[in-house]
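There are 2 protein chains.
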Amino acid sequence: MQAKASIEVCYSPALFPLYNATDSIVVVIDVLRATSSICVAFENGAEKIVPVAKIDDCQAYKEKGFLIAGERNGEKLDGFDFGNSPFNYMGAQVKGKSIALTTTNGTQAIDAAKHAYKLVIGSFLNIGVLQQWLLEQNKNVLFLCAGWKNKFNLEDTLFAGAVASYLQASGEFMADCDSAIAAIHLYEKAQHDLFKFLENSSHRRRLERLKIEKDIEFCLMQNLVKVIPVLENGALVSMPNVKREIAESSPA
Amino acid sequence: MQAKASIEVCYSPALFPLYNATDSIVVVIDVLRATSSICVAFENGAEKIVPVAKIDDCQAYKEKGFLIAGERNGEKLDGFDFGNSPFNYMGAQVKGKSIALTTTNGTQAIDAAKHAYKLVIGSFLNIGVLQQWLLEQNKNVLFLCAGWKNKFNLEDTLFAGAVASYLQASGEFMADCDSAIAAIHLYEKAQHDLFKFLENSSHRRRLERLKIEKDIEFCLMQNLVKVIPVLENGALVSMPNVKREIAESSPA
Numbered sequence: 001m002q003a004k005a006s007i008e009v010c011y012s013p014a015l016f017p018l019y020n021a022t023d024s025i026v027v028v029i030d031v032l033r034a035t036s037s038i039c040v041a042f043e044n045g046a047e048k049i050v051p052v053a054k055i056d057d058c059q060a061y062k063e064k065g066f067l068i069a070g071e072r073n074g075e076k077l078d079g080f081d082f083g084n085s086p087f088n089y090m091g092a093q094v095k096g097k098s099i100a101l102t103t104t105n106g107t108q109a110i111d112a113a114k115h116a117y118k119l120v121i122g123s124f125l126n127i128g129v130l131q132q133w134l135l136e137q138n139k140n141v142l143f144l145c146a147g148w149k150n151k152f153n154l155e156d157t158l159f160a161g162a163v164a165s166y167l168q169a170s171g172e173f174m175a176d177c178d179s180a181i182a183a184i185h186l187y188e189k190a191q192h193d194l195f196k197f198l199e200n201s202s203h204r205r206r207l208e209r210l211k212i213e214k215d216i217e218f219c220l221m222q223n224l225v226k227v228i229p230v231l232e233n234g235a236l237v238s239m240p241n242v243k244r245e246i247a248e249s250s251p252a
Numbered sequence: 001m002q003a004k005a006s007i008e009v010c011y012s013p014a015l016f017p018l019y020n021a022t023d024s025i026v027v028v029i030d031v032l033r034a035t036s037s038i039c040v041a042f043e044n045g046a047e048k049i050v051p052v053a054k055i056d057d058c059q060a061y062k063e064k065g066f067l068i069a070g071e072r073n074g075e076k077l078d079g080f081d082f083g084n085s086p087f088n089y090m091g092a093q094v095k096g097k098s099i100a101l102t103t104t105n106g107t108q109a110i111d112a113a114k115h116a117y118k119l120v121i122g123s124f125l126n127i128g129v130l131q132q133w134l135l136e137q138n139k140n141v142l143f144l145c146a147g148w149k150n151k152f153n154l155e156d157t158l159f160a161g162a163v164a165s166y167l168q169a170s171g172e173f174m175a176d177c178d179s180a181i182a183a184i185h186l187y188e189k190a191q192h193d194l195f196k197f198l199e200n201s202s203h204r205r206r207l208e209r210l211k212i213e214k215d216i217e218f219c220l221m222q223n224l225v226k227v228i229p230v231l232e233n234g235a236l237v238s239m240p241n242v243k244r245e246i247a248e249s250s251p252a
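Going down the list, the protein sequences come from chains A and B.
The C-terminal residue of the first sequence carries number 252 in the working numbering, and the numbering is unbroken.
The C-terminal residue of the second sequence carries number 252 in the working numbering, and the numbering is unbroken.
Hints are supplied without guarantee of correctness; some may be wrong.
Remember, identical chains collapse to one label, so a pair may be satisfied in a single copy or spanning two.
[As the list claims (entries may be wrong)] Subject to a maximum C-alpha distance of 25 Å in a straight line, what follows is the list of computed SDA-like cross-link-like pairs (lysine to any residue):
#1 K62 to I216
#2 K48 to G128
#3 K62 to K118
#4 K95 to Q168
#5 K151 to P17
#6 K151 to E188
#7 K118 to K151
#8 K189 to V242
#9 K151 to A5
#10 K196 to G171
These are computed hints drawn from the structure, not numbers from a lab.
Given the sequences, and given the hints that come with them, work out the whole structure.
The following block contains the structure:
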């Protein structure tokens, strides 16, 4: 019997050094909202996205002809072309463009995991193509939840649990640590209404975020896009041939 | 309306610096097995327990007339009086004794939180008296899960969820972060059979731990002891008057 590929979940970029990522596909997750927005940008034809940890470094990309996108604590940064809402990344404004992006949590998580065997971007928006692609790789998977300022958050964990649950059900993967097991349990409890689960769960925090209610609803929708952003030479690009491959391998 | 006291859960000693513990009661949790064993020791009349992070430092206490107890990776350390099994801490061998203790996770967690407003020790063995005492304090509570080598673990999280659930049900406390909310959800799912939940959940790890199966069953029993170990001047002691107070305030 062949050993199963392992599934691990890291709940905070601050804990990432505890994991061995050199032989794992790392899925970076910041459901609200960085990794959702990144998926939308590529679905709408963005050329590449350079994740940048620091605000100053991001601004410097403006002179190189990049659009610059920046957010801290949920707010768009002054002087930036746009913030972190997925609705900013739709339509003609991003098509063919290169974007430099800095956010509170998501771009920090990408930075923490940049030396992984491979780094891809996950969100509910691209969950279907991502699940199928991960299944085909038959490689260890390590989910990195961006969390909130290095603390655990629920929405990223639920996404990790959803994909982990799918992979484990295939029989080819095995949840290999307590955090992966917990993520699956939480997803099982939440799966029938993610929005309501998060609403009931983090009522206080959601109240503070009323301004982005539409963003939240959007970011919890599944399979709106068919791209898998992947880090190559320090920039995120859309993995080639994903749409075609998925279309060909899907049952009619 | 008076503001409710907050409940937070920190899943790893490595994340503890992200929390403000100067105004919180910190409950350190290492269900398997350090904090369970500490509770048993005080129930059996131990005088004090000095938690020591390093093995060498712990050994040095031998000359001062202490019993020395030490464990790494689940194994008793050579030359130590005993290891980390709760069954080591019963009966006449600990009565009136001072013990220096070093373990893989538990004593590291105590060390990380030593500057808290107050540091107490939690385990399923003392859950009842601890819950009642916390309720009476009406103070912010921060649970620190010792985890496993700074990674998340399920048993410590379930204990945090159990107490958090109890406190929140009183109406005087509010789960204030996603990790507290997740711990409550996980406890709700596990509460009817903690042993089975952990067995199903971490089958692999439990197999590796078959040798301590009896310890695990014991450590998941509730309300076997009526002590609350508290850190005072660098040493754990049994909080005075807990038994009497609890007895007096309990309904007949």
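Quick rundown of the hints versus the structure:
Taking the closest pair of Cα atoms, K62 and I216 never come within 25 Å of each other, the shortest separation being 29 Å inside a single copy and 58 Å across copies. For the homomeric pair K48 and G128, the shortest alpha-carbon distance inside one copy (22 Å) is at most 25 Å, but the shortest distance between copies (56 Å) is not. Neither within a single protomer nor between protomers do K62 and K118 lie at most 25 Å apart by alpha-carbon distance, with minima of 28 Å and 50 Å respectively. For the identical chains of this complex, K95 and Q168 are neighbours neither inside a copy (36 Å) nor across copies (49 Å), given an alpha-carbon limit of 25 Å.
Taking the shortest alpha-carbon separations for K151 and P17, both the intra-copy value of 15 Å and the inter-copy value of 11 Å come in at or below 25 Å. When the C-alpha separation of K151 and E188 is checked against a cutoff of 25 Å, the pair qualifies both within a copy, at 22 Å, and between copies, at 22 Å. For the identical chains of this complex, K118 and K151 are neighbours both inside a copy (24 Å) and across copies (22 Å), given an alpha-carbon limit of 25 Å. Taking the shortest alpha-carbon separations for K189 and V242, neither the intra-copy value of 31 Å nor the inter-copy value of 37 Å comes in at or below 25 Å.
For the identical chains of this complex, K151 and A5 are inter-copy neighbours only, at 20 Å across copies versus 27 Å inside a copy, given an alpha-carbon limit of 25 Å. In this homomeric assembly, K196 and G171 come within 25 Å of each other (Cα to Cα) only across copies, at 22 Å, whereas the closest approach inside a single copy is 30 Å.
Of the numbered hints listed earlier, those contradicted by the structure are 1, 3, 4 and 8.
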